[in-house]
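Peer 1: Top to bottom, those sequences are chains A, B and C. Counting in this note's numbering, the first sequence runs from -18 upward without gaps. Counting in this note's numbering, the second sequence runs from 287 upward without gaps. Counting in this note's numbering, the third sequence runs from 11 upward without gaps.
Honestly, the hints are just simulated from the structure, not real lab data. Quick caveat: nothing in here was measured; it's all calculated off a predicted structure. One or more of the hints may lead you astray.
[Claimed, not checked] Pairwise CB distance ranges, derived in the manner of DEER restraints:
id	chain 1	residue 1	chain 2	residue 2	range
1	B	Ala406	C	Asp103	41 to 47 angstroms
2	B	Tyr414	C	Ala57	23 to 29 angstroms
3	B	Trp417	C	Val305	22 to 28 angstroms
4	C	Glu183	B	Val421	46 to 52 angstroms
In this text, a Cβ means the ideal position worked out from N, Cα and C, and glycines have one as well.
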Amino acid sequence: MDPVLEVRDLVVEFTTEDGPLRAVDGVSFSIGRGEIVGLVGESGAGKTLTSEALLGLIRCPPGRVSGEVRFRGRNLLALEEPALARIRGKEIAMIFQNPGASLNPVFRVGDQLVEAMALHLGDGRGVLRRRAAQILTRVGIPSAATRARDYPHQFSGGMAQRVMIGMGVACAPGLLIADEPTTALDVTIQAQVLSLIRRLAREMGMAVLLVSHDLGIVSQMCHRVIVMYAGRIVEEAAIATVFRAPAHPYTRALIACLPGLDDGGRLGAIGGVMPGLKAVPRGCRFHPRCNLAEPRCAVEEPVLRPAGADQIAACHLVGTE
Amino acid sequence: MARPLDVEALPAQAPRATAATPGASTARRWWRRFARNRGAVFGLAVFLAIILMAVFAGLLAPYDPLIQGVGPANAAPTWTHWAGTDSFGRDMLSRIIYGARIALVVGIGAVLLAMVVGVALGLVAGYYGGWVDVVIMRVMDGLFAFPIIILAIAMMAVMGFGVKNVIIAVGVGFVAPFARVTRADVLAVKEEPYIEAARLAGVPGPAIIARHVLPNVLAPIIVQAALRVSGAIITESGLSFLGLGPPPPTPVWGSMIAEGRNFIVMAPHISTIPGIALMVTVVGLNLLGDGLRDALDPRLRR
Amino acid sequence: MLRFFLSRIGQTIAVLFTVSVIIFVLMRLIPGDPVLMMLGDDFTQDAYQRLRAQLGFDRSVVTQYLIWLQAILRGDLGDSYLSHERVSRLVWDAFLPTLSLVVASMLVGILVAVPSGIVAAMRKDSAWDWGSMGFAIFVYSMPSFWKGIVLIWIFSVHLRWFPAVGYVHPWQEFWDGMWRLVLPAVTLGTFFSGLVARIIRSSLLEVLDQDFIKAARARGVRQAALVYRHALANALIPVVTVIGLQFGALLGGAVLTETVFGIPGMGRLTVAAILNRDYAIVQGTILLGVFAVVVVNLAVDLTYAFLNPRIRVA
Chain A
-18 MDPVLEVRDL VVEFTTEDGP LRAVDGVSFS IGRGEIVGLV GESGAGKTLT
32 SEALLGLIRC PPGRVSGEVR FRGRNLLALE EPALARIRGK EIAMIFQNPG
82 ASLNPVFRVG DQLVEAMALH LGDGRGVLRR RAAQILTRVG IPSAATRARD
132 YPHQFSGGMA QRVMIGMGVA CAPGLLIADE PTTALDVTIQ AQVLSLIRRL
182 AREMGMAVLL VSHDLGIVSQ MCHRVIVMYA GRIVEEAAIA TVFRAPAHPY
232 TRALIACLPG LDDGGRLGAI GGVMPGLKAV PRGCRFHPRC NLAEPRCAVE
282 EPVLRPAGAD QIAACHLVGT E
Chain B
287 MARPLDVEAL PAQAPRATAA TPGASTARRW WRRFARNRGA VFGLAVFLAI
337 ILMAVFAGLL APYDPLIQGV GPANAAPTWT HWAGTDSFGR DMLSRIIYGA
387 RIALVVGIGA VLLAMVVGVA LGLVAGYYGG WVDVVIMRVM DGLFAFPIII
437 LAIAMMAVMG FGVKNVIIAV GVGFVAPFAR VTRADVLAVK EEPYIEAARL
487 AGVPGPAIIA RHVLPNVLAP IIVQAALRVS GAIITESGLS FLGLGPPPPT
537 PVWGSMIAEG RNFIVMAPHI STIPGIALMV TVVGLNLLGD GLRDALDPRL
587 RR
Chain C
11 MLRFFLSRIG QTIAVLFTVS VIIFVLMRLI PGDPVLMMLG DDFTQDAYQR
61 LRAQLGFDRS VVTQYLIWLQ AILRGDLGDS YLSHERVSRL VWDAFLPTLS
111 LVVASMLVGI LVAVPSGIVA AMRKDSAWDW GSMGFAIFVY SMPSFWKGIV
161 LIWIFSVHLR WFPAVGYVHP WQEFWDGMWR LVLPAVTLGT FFSGLVARII
211 RSSLLEVLDQ DFIKAARARG VRQAALVYRH ALANALIPVV TVIGLQFGAL
261 LGGAVLTETV FGIPGMGRLT VAAILNRDYA IVQGTILLGV FAVVVVNLAV
311 DLTYAFLNPR IRVA
């Protein structure tokens, strides 16, 4: 089956006083129809920039995006603004981390929902208003018709995120990009929002790219996981495989850090800090923090190679075990 | 068991503060940020030039600004009189150079006065709160409601004219902004843990204010001061223009502009040239103030 | 919202009260015997004693203040020391020209500042940006009275497009009145626009940086709608407050501009009154001027509360 999204050699570069810096350095992956893929990594790994680059949301200059992003056959990076604007919201939708801040504070929520649909669908205002109320109900907002006349500040974080999800799926996109959708929410609300996303994806046959630093969330939601580190992909595998047999030392460390009920002790941590863009180490980018590092790791950068069925990793040790 | 906290040994500097004990490196950082703003550097140059003009007026001015008839009346600029002469035959250039003196004295004097009074009020109101705060801020609100020039006019009516009174009149008008800015910052700093620690250790209120609060609110106050000097100079010029400033024959740019009005047709330079001096000064000071604000408080930068 | 409304009104009353005290104190500090000054040439020992008692000069300061306040609230601002005309009449007659000048200046200022600020923000760091912001600083720094003189020199003396002095109520003779207001309104208005343009620029830039703009773009909203609908709706709200607050500064500036252009407004009246030591008029103009400023500030605050949904709706 043709993938919905195919990313090839995506590079996001910024011109700074210290020269050009690559925040995303050659990322390639694909997402199949109806697949929920998790993009995982620490803050600064480049995952948010990757997701924003897909929709052309990065300000260029000072940024520069290169590579190929094929969506339903077309390269999004080669499109001009008007064409991109037609795709945004209709075929690819995106929701962000801070739902309260994602809505215009001076417009009513219902009006913003109607606007989102009016941009892409040809129906009249009355029809759209009714549909907006239906969408709000579908995402779990009670008294939808009344709530549609409220302003964003009158919604709690969880409710606001539901509204954003509603806006995202309003035009039945083929792909929903969710950038840390639950990070700013209470833990109890997190589960509700995530299950909402999962349900809608299943009902609509929609693919989802879930960006998160939280492997725990990813484990509940995703079919497949991509792990990023310092601008590169270091591992990609089916969800069960990743947890059963993580191939890259970084992935292993991330999983070890997940708090478990029977840990009884301290939270795990990975020593050291992810390198900033200016101080990328030679060889494997993770080697200064890796407890399995060999001399080779400081010199030669590993490429992604198969580590098992349906699993690839960028580590010199892969394939030798 | 814990030892009693040695408050005097606490650094007077919060993580967020930069002004308490600026080391050489912090000062250099400010300077670099400031210097990158070309407008601000120009403003600084103008400011220094005006100061030089004011201080060395005696040396720089080619003629005595008060003596009439050193040249023909209403003469346009020539080589002997670079800025021409006014209707009394006085040399315009000398009068403009001496005019810088009054402008600076009033501008800086008024702002200093406003700063001292306003900051003190703001510190007290912000730190002690309660009804002291309410009373002080209500009075400030009242003062603030007066357009500066109207307040100054009212005060001149009470006090009479003259340089000293102009300084006081204009200064009073600027007290309210200083008080407000200081109070706002004090309210924020008041919540910092080291203030609480000092209070618990028994350091008396005024000492806390002087030693711990004041250094941390200094930066925005300095920015306010820089921004207000130009306003003070404009207000003073306005007063002089209306005839409410230092009495003639004192060379003041505002009254020079007023004198020149009657001769606008045949001798426009009498009004125009002091106006240019005034404008350059104000533009320079505004740019300087903007530059200082951007350098000291990058949060406000756009 | 109602609570906000009531608290602001309460605050306004407090400020008006403080202002009245300040003015009263200032008037009392003026050297000389006010009763003598009020009687002027009509001085007789009898009249003097009577007026003194009437104004409460033989009682405490507080009583004097209350008597004074009562009169003010009744609209009785006293009589001019010199001409013995009703101060309230004189001041009101002078207020109207000043008001029309201030309103015209605000219009000019807004017409110039809004496009200028928007363009500067949209083309940040370009020649447009530096140019219009530079122009804004330039125009804001020019003392208004000097600017007026220069404009008269260029447009009245040389080009003869506009009359230099003279004023006509626009509501009596529309075109003549408006034409005569052009130069003064440009003088005062450009000062105002210099300030407002910079604020619009920074407000717009700040709003454009916010998450909801990015989210709207991710929904497919086009650039034009993003700026002129989504961003501007947010950016202009605080600007409204600034514009209103500048009313006081404009009133102050009007004092000077009127003198330059010979407009028979409050500025001219006040200055003449001070030079003539007619303090009754000075008190009257200051009272009305400050009262106007406070009322406008209140209106601005209420408008802001209405425009900002966070305050308007719980």
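Peer 1: Is 22 to 28 angstroms right for how far apart the beta carbons of B:Trp417 and C:Val305 are?
Peer 2: holds (27 angstroms)
Peer 1: Is it true that the C-beta distance of B:Tyr414 to C:Ala57 lies inside 23 to 29 angstroms, as the hint says?
Peer 2: Roughly 50 angstroms apart at Cβ, these two residues miss the hinted range, so it is violated.
Peer 1: State, for the Cβ atoms of C:Glu183 and B:Val421, whether the hinted interval 46 to 52 angstroms holds or is violated.
Peer 2: holds (50 angstroms)
Peer 1: State, for the Cβ atoms of B:Ala406 and C:Asp103, whether the hinted interval 41 to 47 angstroms holds or is violated.
Peer 2: 42 angstroms Cβ-Cβ, so the 41 to 47 angstroms window holds.
Comparing the model with each earlier hint shows a violation of hint 2 alone; every other hint is respected.
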